[in-house]
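Sequences listed follow chains A and B, in order.
If you count the first sequence from 1, position 432 lands on 432 in my numbering, and the numbers rise without skipping.
If you count the second sequence from 1, position 441 lands on 441 in my numbering, and the numbers rise without skipping.
Note that the list lumps identical chains together, so a pair holds whenever it fits in one copy or between two copies.
Straight-line alpha carbon distances no greater than 27 Å define the calculated BS3-like cross-link-like pairs of lysine-lysine that follow:
id, residue 1, residue 2
1, Lys-394, Lys-404
2, Lys-404, Lys-325
3, Lys-244, Lys-226
4, Lys-244, Lys-270
5, Lys-404, Lys-139
6, Lys-139, Lys-327
7, Lys-139, Lys-3
8, Lys-404, Lys-327
9, Lys-3, Lys-327
10, Lys-327, Lys-397
11, Lys-394, Lys-139
12, Lys-325, Lys-397
13, Lys-394, Lys-327
14, Lys-397, Lys-139
15, Lys-3, Lys-325
These are computed hints drawn from the structure, not numbers from a lab.
Number of protein chains: 2
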Amino acid sequence: MIKPRTPAGVMELLPRDQIAFQRMLDTIRQTFERFGFLPVETPVMELSEVLLTKTGGETERQVYFVQSTGALGRADEGLPELALRFDLTVPLARYVAEHERELAFPFRRYQMQRVYRGERAQRGRFREFYQCDIDVIGKDSLSSRFDAEIPAVIAAVFERLAIGAFTIQLNHRKLLRGYFEGLGIAGEMQLLVLRELDKLDKRGADAVRETLAGEGFGLGAEVIDKLMAFSQVRSHGHADALAKLEALGSGGALFEEGRAELRAILEQLKALGVDESRYALNLSIARGLDYYTGVVYETTLDAWPQIGSICSGGRYDNLAGHYTKSKLPGVGISIGLTRLFYQLREAGLVAAADSTVDVLVALLDDSGLEHALALSQRLRAAGLNVETQLEARKLAKQLQYADKAGIRFVVLRGEDEAARGVATVKDLRRGAQFEVPEAELTAALLVEREQQRALG
Amino acid sequence: MIKPRTPAGVMELLPRDQIAFQRMLDTIRQTFERFGFLPVETPVMELSEVLLTKTGGETERQVYFVQSTGALGRADEGLPELALRFDLTVPLARYVAEHERELAFPFRRYQMQRVYRGERAQRGRFREFYQCDIDVIGKDSLSSRFDAEIPAVIAAVFERLAIGAFTIQLNHRKLLRGYFEGLGIAGEMQLLVLRELDKLDKRGADAVRETLAGEGFGLGAEVIDKLMAFSQVRSHGHADALAKLEALGSGGALFEEGRAELRAILEQLKALGVDESRYALNLSIARGLDYYTGVVYETTLDAWPQIGSICSGGRYDNLAGHYTKSKLPGVGISIGLTRLFYQLREAGLVAAADSTVDVLVALLDDSGLEHALALSQRLRAAGLNVETQLEARKLAKQLQYADKAGIRFVVLRGEDEAARGVATVKDLRRGAQFEVPEAELTAALLVEREQQRALG
Numbered sequence: 001m002i003k004p005r006t007p008a009g010v011m012e013l014l015p016r017d018q019i020a021f022q023r024m025l026d027t028i029r030q031t032f033e034r035f036g037f038l039p040v041e042t043p044v045m046e047l048s049e050v051l052l053t054k055t056g057g058e059t060e061r062q063v064y065f066v067q068s069t070g071a072l073g074r075a076d077e078g079l080p081e082l083a084l085r086f087d088l089t090v091p092l093a094r095y096v097a098e099h100e101r102e103l104a105f106p107f108r109r110y111q112m113q114r115v116y117r118g119e120r121a122q123r124g125r126f127r128e129f130y131q132c133d134i135d136v137i138g139k140d141s142l143s144s145r146f147d148a149e150i151p152a153v154i155a156a157v158f159e160r161l162a163i164g165a166f167t168i169q170l171n172h173r174k175l176l177r178g179y180f181e182g183l184g185i186a187g188e189m190q191l192l193v194l195r196e197l198d199k200l201d202k203r204g205a206d207a208v209r210e211t212l213a214g215e216g217f218g219l220g221a222e223v224i225d226k227l228m229a230f231s232q233v234r235s236h237g238h239a240d241a242l243a244k245l246e247a248l249g250s251g252g253a254l255f256e257e258g259r260a261e262l263r264a265i266l267e268q269l270k271a272l273g274v275d276e277s278r279y280a281l282n283l284s285i286a287r288g289l290d291y292y293t294g295v296v297y298e299t300t301l302d303a304w305p306q307i308g309s310i311c312s313g314g315r316y317d318n319l320a321g322h323y324t325k326s327k328l329p330g331v332g333i334s335i336g337l338t339r340l341f342y343q344l345r346e347a348g349l350v351a352a353a354d355s356t357v358d359v360l361v362a363l364l365d366d367s368g369l370e371h372a373l374a375l376s377q378r379l380r381a382a383g384l385n386v387e388t389q390l391e392a393r394k395l396a397k398q399l400q401y402a403d404k405a406g407i408r409f410v411v412l413r414g415e416d417e418a419a420r421g422v423a424t425v426k427d428l429r430r431g432a433q434f435e436v437p438e439a440e441l442t443a444a445l446l447v448e449r450e451q452q453r454a455l456g
Numbered sequence: 001m002i003k004p005r006t007p008a009g010v011m012e013l014l015p016r017d018q019i020a021f022q023r024m025l026d027t028i029r030q031t032f033e034r035f036g037f038l039p040v041e042t043p044v045m046e047l048s049e050v051l052l053t054k055t056g057g058e059t060e061r062q063v064y065f066v067q068s069t070g071a072l073g074r075a076d077e078g079l080p081e082l083a084l085r086f087d088l089t090v091p092l093a094r095y096v097a098e099h100e101r102e103l104a105f106p107f108r109r110y111q112m113q114r115v116y117r118g119e120r121a122q123r124g125r126f127r128e129f130y131q132c133d134i135d136v137i138g139k140d141s142l143s144s145r146f147d148a149e150i151p152a153v154i155a156a157v158f159e160r161l162a163i164g165a166f167t168i169q170l171n172h173r174k175l176l177r178g179y180f181e182g183l184g185i186a187g188e189m190q191l192l193v194l195r196e197l198d199k200l201d202k203r204g205a206d207a208v209r210e211t212l213a214g215e216g217f218g219l220g221a222e223v224i225d226k227l228m229a230f231s232q233v234r235s236h237g238h239a240d241a242l243a244k245l246e247a248l249g250s251g252g253a254l255f256e257e258g259r260a261e262l263r264a265i266l267e268q269l270k271a272l273g274v275d276e277s278r279y280a281l282n283l284s285i286a287r288g289l290d291y292y293t294g295v296v297y298e299t300t301l302d303a304w305p306q307i308g309s310i311c312s313g314g315r316y317d318n319l320a321g322h323y324t325k326s327k328l329p330g331v332g333i334s335i336g337l338t339r340l341f342y343q344l345r346e347a348g349l350v351a352a353a354d355s356t357v358d359v360l361v362a363l364l365d366d367s368g369l370e371h372a373l374a375l376s377q378r379l380r381a382a383g384l385n386v387e388t389q390l391e392a393r394k395l396a397k398q399l400q401y402a403d404k405a406g407i408r409f410v411v412l413r414g415e416d417e418a419a420r421g422v423a424t425v426k427d428l429r430r431g432a433q434f435e436v437p438e439a440e441l442t443a444a445l446l447v448e449r450e451q452q453r454a455l456g
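Model the full structure from these sequences, guided by the hints.
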């Protein structure tokens, strides 16, 4: 006998949790489609040679390689032919380059699939997890107007997921680089300084200040003041965001370009009707410095900052330089849904969902089977999800089962009801019960279900 | 520069094909839920030790093992810890055994995920493919009434997929075994005889007859006649199915048990209102002889028999004997959707779908941007999928783009329209164009879309 168990670092759900998870996936997909993004799925296995062009040693250690039985043990032949994707960005780059001539640009795609990382297993860290990505890829160029559409999608997704107030935080790499260069901080040093500034919350201002003034950095007090002030800029509301941008003073060409683009994004978000509480400047965020080149986004739940960013991304200059000579600039974001779901559940913000089953057609004794089957099919034809109780059991057992499973309605038809041409409906949610003429049963249940949906 | 390409043996689709595929997945999922099945997803990676208990050498050779970089080259340590699932049945067995105490039985689950086989790549063979499975698992016992519900689900799925007339073919392992035993053919020999009978179409009656009479089998002419007659039984319509069952003559206890169960299944299919053209006896089908123990199903497209079975399954005695002492009998089926989609496309039965995007909001010049953004959001709020043209281009280009992408409606608002408070809608499907007051635009498009959907 083998102990049945899953590997460490994966998330497997019981049905009612799976339903809750699936509803989040459906909401995200629906919202991505609402904004005109097209579905793409790629194979979970890519050729190692293709997948690993871009990644450094750090990522490579986390890659899962795939070998069929026959190929095992032939370890001396270099890397195995196949590997599991570790994100959806490299497969997108490969996909766009491979199908370049068949796609229309700007190419707007969404992709919601699992990715794999050979991480050390620990609580809340996943080796297999869903990513839900959107990207817009231009050919040769891509208007910065697309940069403003992305936060509108983020806002719509999280409004519809209804997991609480959130803020989409905006920064801009050109603004950041321009500002740093204005202070005489260039190249690699920018990265190092940003890393230190990122520790402000944890280490406190004094400790960070000391590091920046010390060996390796050697920055003057005035420069440090400016850096700290800059990285602490946060805005509250639309007008404040514009004002805070102005208040940064003047800068070089790169800085002004970044500022103009951020300004345009803010104006476009307003035109899109995105509530001004949903977006804000946060000049401390940087994200993958070697990858993003324009606007960057992070999204946090206002009441749960400790969860960190739940949706991040930004603008990049060239998606697929390893695979094609075409220049493919893009902008996109990613939601790590497995981790988000896990954390929402830990925080008590999502619970097991009601069943996908709307109605249980009960069976009180075997003579009722034929009728129960026909009735179930009638309800299904009207669009209701129906489970038929195929074996007669005590009513109490059937009600108990429905209740535990999260099924709202139980339909009964005993001899008495049959004689009078009615059915009894038990509404387990409201703890109520009513009789309906059989001919009106379908309509009555549909109305109840619609009311339930309208109430959310 | 690396050539961007996918590994052999995977199916990757362009967006309009992906939309068609996704619609099939959605239809199948919706139908599974309509019949009260609950969603389950399991990780793509299982522990090798857990996954490979059940499989013989044949399957094992086709398994993909997974190793992170650090573990590569340690080939002498036996099998790698992780492997990719090769079907959804073993993961179901593991899932049910692992969560046995948290699940309600009979447990009705559906699962639609990708599985992996390390097959030699050849045209139409896939190393990665979707399976769409349903199973009902009982604890200790499971009424044979569930056996009749499964073909009703199959019928509903393929009616809604609308890929042509189909027949669900029924046989029963007890009927088969009982009949063979009545002819003095027992144990292993049944399997060998069935294999020969399976070649009837290919080899012809004379050749099969010769083999069964020859060395190794040594069956008499009368026995061979009976075997061939039995395996050629096909029914047409409900009454004929019952009559053909009667016409088999009498047999032993096992044979009669199988016949009684088949009869009950036929009666229940009638009570469920399944059209009698959708199901038939086919006493030649056997399927996984060591696994199935009761009814077996195969489904074929009437006009495309060469595609083979598109949905198969049956009843089994014990799902998870390797993982738990509980007896878990079940019944289920599987649709290999990747292969089916591939074959339907080859046969010209599915085509690239229209876009998920309902409306393209055109942009004639930059001054219209703010209005286009607000209008797009209004249409989205009403439930329409909208792409906004963010960069002004010639109208002809925008129409051409929408047409190629399969977007039906293009909404325009030039200076003239703006002055009069109207918008122009171009319906690319019908090649028509009409003007609507702006305030009525949302309603007009919703009505058009509903009409389109109603027409399928």
